[in-house]
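**Q** Given chain A, work out where chain B should sit, using these hints.
As a plain string of letters, each chain reads:
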Amino acid sequence: MRVENRAGSERALAFLIVLEVAVFAFTGPNFFSAANAFEVVRLGVELGLLALALTPVIVSGGIDLSVGSMMGLCAVVFGYLWRDLHLPIAAAAACTLLAGLLGGALNALVITRFGGAPLIVTLGTYSLFRGIAEGLTRGVDNFSQFPPGFLYLGQGYLGGLVPAQTPLFLLFAAFYWLLLHRSIYGRALRAIGFASDGARWAGIPVNRRLALVYTLSGFTAAVASLIYVAHLGQARSDAGTGYELLAITAVVLGGTEIMGGRGSIWGTLLGLGAIVVLQNGLRVSAFPAELAGILTSAILVSTIAIGRRSVGRAAAGTAVTQEDGTEEEEMKNSQLAVLSAVILAGSLIVAGSNWWLVQSVRPAASGGAGSAVPAKRLTLAVMPKAKGDPYFVSCRAGAEEAAKQIGADLIWDGPTDLDPAKQNEVVEAWITRGVDAISVAVVNAPGLSTVLRKARAKGIKVLTWDADAQPDARDFFVNQATPQGIGDTLADEANRIMGGEGDFAIITGALTAANQNEWIKFIKARVAAKYPKLNLITIRPSDDDRNRAFSEAQTLMKVYPKMKLIMAISAPAVPGAAEAVKQSGRQDVKVTGLSLPNMCKPYVKAGIAESVVLWNTGNLGYLVVQASKMAVDGTLRPGATSIDAGRLGRIGIDGDQVVLGKPLVFTKANIDQYDF
Amino acid sequence: MNAMRQRAVAIAIFWAVLLAVLAWRAPGFFAGSNIRDIAVINAPALIIALGMTVVILAGEIDVSVGSQFAVASVVAGLLAKAGVPLPFVALLTAGAGAVMGGINGALVTWLGVPSIVATLAAMAFWRELLRWFTQGAWVQGLPAGFQWMGFGQAQGELAILVCAALLFGVMVWALRNVQAGRAVYAVGSQRESARLAGIPVSAVSFGVFTLLGALTGIAALLDSVRFSEIQSGAGAGLELKAISAVVIGGTSITGGRGNTWGTLLGASVLAVIAPALTFLGINAFWEKAIQGAIILGAIVLERVTTSRKMKAHAR
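Same order as they appear, the protein sequences are chains A and B.
First residue of the first sequence? That's 41 in the numbering used here, and the numbers climb one at a time after it.
First residue of the second sequence? That's 11 in the numbering used here, and the numbers climb one at a time after it.
It should be emphasised that the hints constitute simulated quantities derived from the structure, not laboratory data.
Everything numeric in this text was worked out from a predicted model, so none of it was measured.
A virtual CB, placed ideally from N, CA and C, is assigned to each residue, including glycine.
In silico DSSO-like pairs for lysine-lysine, Cα to Cα no more than 27 Å straight-line:
1. A:Lys-604 / A:Lys-570
2. B:Lys-91 / A:Lys-622
3. A:Lys-573 / A:Lys-561
4. B:Lys-91 / A:Lys-708
5. A:Lys-702 / A:Lys-561
6. A:Lys-645 / B:Lys-91
7. A:Lys-604 / A:Lys-561
8. A:Lys-598 / A:Lys-622
9. A:Lys-573 / A:Lys-598
Looking from chain B toward chain A, a few residues come up when the C-beta cut is under 7 Å (computed):
10. Asp-47
11. Val-127
12. Ala-131
13. Trp-142
14. Gln-163
15. Val-257
16. Ile-263
17. Gln-301
18. Ile-309
19. Arg-313
If we strip away everything but chain A, and leave its shape as in the complex, we get:
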């Protein structure tokens, strides 16, 4: 019964993958191609390694939440050994694998010797590993410029088609298959998962077996981290953020029982396939990124619910299970039926939103400036650093306005979280889709540049905006203000508000946020060069959470009573800090920073936030779309000195940069003129 049931759920999953492929082959241009199939494999490797490692862990009745953080720690260790200790790359890699082993052994030690529940222990190491990685790098260090031979592991192709990391992944899959299905270890793990006391009485060395799987899990996470670093071309402490949850989802979707005792590597591979194909297909079809999470959770719950119900029904019937086949058949059919229903519902949502998108663009095309509409509708893809960030939401309005005017299709999509690998995945999908131009607000320059070069090689025009990539990876950079410009303006504002001397503190976004760290660098440089009497006392994180910024500001005011200014450089942090100052009733502390005028209006008017610095985000989005259209039709080419950017008038070009202008400083006097 149990074996049959699992085979049934694996069939259902295989059917689900086929269905996904069928739907996306229809909705996603070039989705159904060998090149994209291999791209999907590449995207799945890091996640797949973690899912493989987690399968025996979960089968043994445990869990390992620390694998994503372990990737971050290993990436940092690897970068440090190679760049700062000048170890040869192979030696650095070997030491990194050792670090993974040790981290896994720490989990194993606390779980087996000190009797901690795996969920709590790995919750602890989840914080610990990431924390050490952040502490070692101060959140800032970004190791890059690895030798090409190493990068080949993550970016190269064997025989021109097969991603170079594929053989390694297959090796691990085979190893874990042997371990779980063809060795006494696998059988022992199952026994432990069913009942660990029973297994102990049966003579199984429970602790040794458990120690093995957790140590292996750390080791595999280290391998995944090396591939991740080679794939992105950079090593940072935020590598693998959130991977643990996705890996667990893949394992559980694959039919492994979360309470332990049952599970298979095949199932995990199928579950992984279902998730990765869904993610890639949604991106290639240019459906909103949010759908991936929504559909994955719907599929997860429905598959598990169906599996559980059928098991429950069989168990509830009689003690002796009847194996006459009819119930088996019925169960399988109902599984397929519900799965199909879920997918159908999903595709309906997708189709609906797509129709709505097309509708919202079309009238503009016919109403646009007739003759300017090119014969073929252009597809312009624009990516923010993060979807859902209010700053980029306000950029989008301008981008859509411009797309309507020029009658082009605008794809606006990007990461929904801080995972630095997401941008690469979206760009890959756009290359597959074959868009005309790609414009990216770059989160990680060294990491993203490799894939942007690939896009250029395929004849796609590449622009960067908001933050630049490496210069040879893009055609133009739409420059609203350089990091230096921002840093200088903020430092100048600080000097003005504080009257030339005193203490100030910075509240940043996430400690690892690349752009904020860049600004901080220039703020420090400017202060050191021009304003020696200003003193930066500390930098605190807000994780882009208004409430966290609030409590940090509250504490800062108490610890540093002489502090005169809080400089908040993440959009939600300015209102957070300003509210804290307001509630404290302190008149002698002011707030400035980088944020949206609408969010800060009440505080600017009340005189708490003396000023807020930003450029016109709507204009930025508008200019990006205008410029990418001109890059495609050739108006914007090397050597041009200015372009005619619609309602913005003539915009100057400086070398390979389209310059929007200086940042705006919003004060009590002018803030009412702006609405974004």
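**A** Below, chain B alone, put in the same frame as chain A:
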């Protein structure tokens, strides 16, 4: 019971040491205003941790509270903006939370989905749905009476603390003295025995998720009223904070053992770490590492102070 107490004792020792260091290096930490501010900020997290305690005591877990918190905050904001009177906003927000919790409960009880799977799915589902719906936009332009529930700052802060204290008191009492409270312990200790003893185990499981949802709704409202705008991305990582508070407080992750006092201790420790680091001038980059080390340290200390026999049993 004893084994779990040990963890709470270990944590209490750690906490005492931390407070002693603070008293020595940064006595300003103990200023009344600082204690009050820390309490007000962390009251919502404590309320969620209380609900989480009950869920974990019943042998389940809920990792979707952070997303529920974000949805409930936006619901509260939209209702208040639409001109719904505040008492009804409170009721409806708690109701929205209860519905989200109830969905988790239904998935777990009637569809047989393990709670970690069901709530893992709910976590992604609500977060992504909310982002799709709001596109990251905040709820702005709330009526003037929304902030501090129209009380003014000092009374508003007091009201939040009183709400949290009342809920805490009710929980402490109910878990010990109400039949439903003891049923939670029974179901978490041994589900099958509880069923045979005549306890409606499905109703209990469903109930704990619904209760946690409702408490999350209340917490979201109490958190929102401290501000005049509502952010749409609130509550990220809240689930880990709540679960950490519960397990640091000595509640057994497998259910049946633990209590709300431990959770209060766990929540207090977590609440103090971040401001304590600022007061001590320790770099923020080490914060996560310290949090993780505390959890591991608690487990190790607990083991060191407990007999081997107890441990074998606890596992």
